[in-house]
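Those protein sequence lines, which keep their order, are chains A and B. Take our numbering: the final residue in the first sequence is number 848, and no numbers are missing along the way. Take our numbering: the final residue in the second sequence is number 343, and no numbers are missing along the way.
Since the hints were made in silico from the structure, they are not lab data. Check before you lean on any hint, since a few could be wrong.
[As the list claims (entries may be wrong)] Here are a few chain A residues that sit away from chain B, every Cβ distance over 12 Å (derived from the structure): (1) Gln-614; (2) Pro-619; (3) Arg-670; (4) Phe-681; (5) Leu-732; (6) Ala-741; (7) Tyr-763; (8) Thr-792; (9) Ser-812; (10) Ile-817; (11) Gly-820.
[Stated by the list, open to error] Looking from chain A toward chain B, a few residues come up when the C-beta cut is under 10 Å (computed): (12) Leu-686; (13) Ile-696; (14) Pro-719; (15) Gly-774; (16) Gly-786; (17) Trp-805.
Even for Gly, the Cβ is constructed at its ideal location relative to N, Cα and C.
Listed here are the chains, written in short residue letters.
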Amino acid sequence: MKKPQKKNEFLYFAFRNKKLVAGLVVILFFLALATAGPLFVRNDPFAYVNPQGAQPPSAKYWLGTTFFGQDVFAQFVLGLRATFIVGIVGGGLGTLIGILIGFTAGYRGGMVDELLNMFTNIVLVIPTMAVLLIVAAYLQVRSLLTECLFIGFTSWPWAARAIRAQTFSLRTRDFVDLARMSGRNSFKIIFTEIAPNMMSYLVMTFILQFGGAILVAATLDFIGLGPTNTVSLGLIMQYAVMWGALLLGSWWWFIPPGLGITAIVGALYVMNVGLDEVFNPKLREM
Amino acid sequence: MRRYLGRKVLIYGLTFFLAVTIDWLIPRFMPGDPIANMLARVSVNSTAAQVMHDYYSHVFGLDLPFWQQYLNFWSSLLHGDLGKSVYLFPKPVVQVIMDAVPYDIFLLLPSILLSWYAGNHFGAFAARSKWLDNIVSPIGYILTATPYMWLGILLSWFFGIVLGKFPIAGAYSFDVRPTLSWAFIGNVLHHWFLPFASLFLVSFGGWAIGMRNMIIYELEADYSRYLTALGAPRSLIRKYAFRNGILPQITGLALQLGVIVAGALVTEVVFSYPGIGYLLLNAIQNQDYFLIQGCFLFIIIGVLLANLAIDIIYVVVDPRTRRGMAGESA
Numbered sequence: 563m564k565k566p567q568k569k570n571e572f573l574y575f576a577f578r579n580k581k582l583v584a585g586l587v588v589i590l591f592f593l594a595l596a597t598a599g600p601l602f603v604r605n606d607p608f609a610y611v612n613p614q615g616a617q618p619p620s621a622k623y624w625l626g627t628t629f630f631g632q633d634v635f636a637q638f639v640l641g642l643r644a645t646f647i648v649g650i651v652g653g654g655l656g657t658l659i660g661i662l663i664g665f666t667a668g669y670r671g672g673m674v675d676e677l678l679n680m681f682t683n684i685v686l687v688i689p690t691m692a693v694l695l696i697v698a699a700y701l702q703v704r705s706l707l708t709e710c711l712f713i714g715f716t717s718w719p720w721a722a723r724a725i726r727a728q729t730f731s732l733r734t735r736d737f738v739d740l741a742r743m744s745g746r747n748s749f750k751i752i753f754t755e756i757a758p759n760m761m762s763y764l765v766m767t768f769i770l771q772f773g774g775a776i777l778v779a780a781t782l783d784f785i786g787l788g789p790t791n792t793v794s795l796g797l798i799m800q801y802a803v804m805w806g807a808l809l810l811g812s813w814w815w816f817i818p819p820g821l822g823i824t825a826i827v828g829a830l831y832v833m834n835v836g837l838d839e840v841f842n843p844k845l846r847e848m
Numbered sequence: 014m015r016r017y018l019g020r021k022v023l024i025y026g027l028t029f030f031l032a033v034t035i036d037w038l039i040p041r042f043m044p045g046d047p048i049a050n051m052l053a054r055v056s057v058n059s060t061a062a063q064v065m066h067d068y069y070s071h072v073f074g075l076d077l078p079f080w081q082q083y084l085n086f087w088s089s090l091l092h093g094d095l096g097k098s099v100y101l102f103p104k105p106v107v108q109v110i111m112d113a114v115p116y117d118i119f120l121l122l123p124s125i126l127l128s129w130y131a132g133n134h135f136g137a138f139a140a141r142s143k144w145l146d147n148i149v150s151p152i153g154y155i156l157t158a159t160p161y162m163w164l165g166i167l168l169s170w171f172f173g174i175v176l177g178k179f180p181i182a183g184a185y186s187f188d189v190r191p192t193l194s195w196a197f198i199g200n201v202l203h204h205w206f207l208p209f210a211s212l213f214l215v216s217f218g219g220w221a222i223g224m225r226n227m228i229i230y231e232l233e234a235d236y237s238r239y240l241t242a243l244g245a246p247r248s249l250i251r252k253y254a255f256r257n258g259i260l261p262q263i264t265g266l267a268l269q270l271g272v273i274v275a276g277a278l279v280t281e282v283v284f285s286y287p288g289i290g291y292l293l294l295n296a297i298q299n300q301d302y303f304l305i306q307g308c309f310l311f312i313i314i315g316v317l318l319a320n321l322a323i324d325i326i327y328v329v330v331d332p333r334t335r336r337g338m339a340g341e342s343a
């Protein structure tokens, strides 16, 4: 075996990891579909283009048409776009809040830690979906961004808890003590000494938050509390169920959106396992 | 042990307090006016609407100072009064919810407990067995990535429509009357099976994967290596690994409850199963705000009680918590 150079060690192991590569391929495929797909769509996703109503996939309508004659493919690619936005923005926000609270609690310790920890535990116990439901129900007009904010602000607790525990174990190490003695401020110590040492952990937290945000968004959309001005994969499923796609056997209407979500979230989880193996030499199967 | 449970109860108390406050706060400080929305549904001229608006503001006590409204909210809550449902008027919200709760318990309790039990045992079984692991892991990851409603839709379409083996809506057929007969019980179980199966399957995947990872971790631990070195039988080592691995899974169950409940809500919507989820959908579509608030509180109370139950079980299962040895990780 050729000895990998230090600089490219990460990439060397990353590309040899089948799980990571497979997950990445699936994600990139859907990401490409979400970015480029709408360019190939001639039909407005809401327009009633097919006067025949529900029809199975054909050359003209790649994923068939809905009960109302809307182009499912047009809705699907636009919904994918919304899914990625929710994952990246909502999941990103959740990770960011988790990082801020986790680092502060873990590094400061003492009273600050007690209070933040209690706050985290409270938010952790509340079924966030119930809170989202009641907030969303009272907002008459909701945008995709509002949904991202909702999800970000409610999904951070487990991340904060995990990051806090990691920070706790790092903060008494010698190199952190040295940095403290050299008189650097806490903010700098956290971001130059502690954060780089748990970078892999933070990346994996983001990936899990990404997948989690997508699933939460799907649930909200499905009960009709998603964005009011755009298509989402959950909304397509809601319409399909509401307008009897099951009874009519219009499988092309409800299978693609769910399959898209499952594939993306599943790929993220598998990628996460792969990354774990890349970062953690003990887990490598070689 | 007293310290451990005391801490937990304090957290739950605070959570409940916060939840009630949110429940009170949101309708009052959100953009939009619930009473105006309610009145918009009946078309009356603007002077009449103004009179009605004032009347309802008074009836709901919205013209009082905020602190008074807040105290009133608590007092009526403690008297078990959550207002009247708008869309099932004049049924009180508490009664509407109480009618739905048995279905939720009937659906959730078996699916949560069975999926947890089966998932743990399957995951432990699959760990460190190459070929089983290659089957269980991918299935587990796919299941746990599946949105609850989509699995519900698929099951109901395939078993309900394509094969026609199971009913796809309601808790029992319209043509049978609720009596305590075998025919009725069979009918109820027949309707219950698909929603149960879809909830069971999604959770099952997560537990199986969690336990598999846990067992692999435990089998690498020093005590397992020591036992191996002593020549202890494999089954004994795995038994100890399982007992250690089950602890994080119990904590995990508490943390997952919110997600499972959300999953149950959408599953009920798919199968038109008359639990809280289905009720909530109707409440949202009819803008029945009292009912939405009531459902919110019931979900919170349910999750808090379940958390407490899990904590008590944890104390029984893990002797360290009884001696005050477990840190705050537990």
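Hints, verified against the model:
{"no.": "1", "hint": "Gln-614", "verdict": "21 Å, holds"}
{"no.": "2", "hint": "Pro-619", "verdict": "17 Å, holds"}
{"no.": "3", "hint": "Arg-670", "verdict": "15 Å, holds"}
{"no.": "4", "hint": "Phe-681", "verdict": "9 Å, violated"}
{"no.": "5", "hint": "Leu-732", "verdict": "16 Å, holds"}
{"no.": "6", "hint": "Ala-741", "verdict": "26 Å, holds"}
{"no.": "7", "hint": "Tyr-763", "verdict": "16 Å, holds"}
{"no.": "8", "hint": "Thr-792", "verdict": "18 Å, holds"}
{"no.": "9", "hint": "Ser-812", "verdict": "10 Å, violated"}
{"no.": "10", "hint": "Ile-817", "verdict": "8 Å, violated"}
{"no.": "11", "hint": "Gly-820", "verdict": "3 Å, violated"}
{"no.": "12", "hint": "Leu-686", "verdict": "7 Å, holds"}
{"no.": "13", "hint": "Ile-696", "verdict": "5 Å, holds"}
{"no.": "14", "hint": "Pro-719", "verdict": "9 Å, holds"}
{"no.": "15", "hint": "Gly-774", "verdict": "9 Å, holds"}
{"no.": "16", "hint": "Gly-786", "verdict": "6 Å, holds"}
{"no.": "17", "hint": "Trp-805", "verdict": "13 Å, violated"}
Hint violations for this structure: numbers 4, 9, 10, 11 and 17, all remaining hints satisfied.
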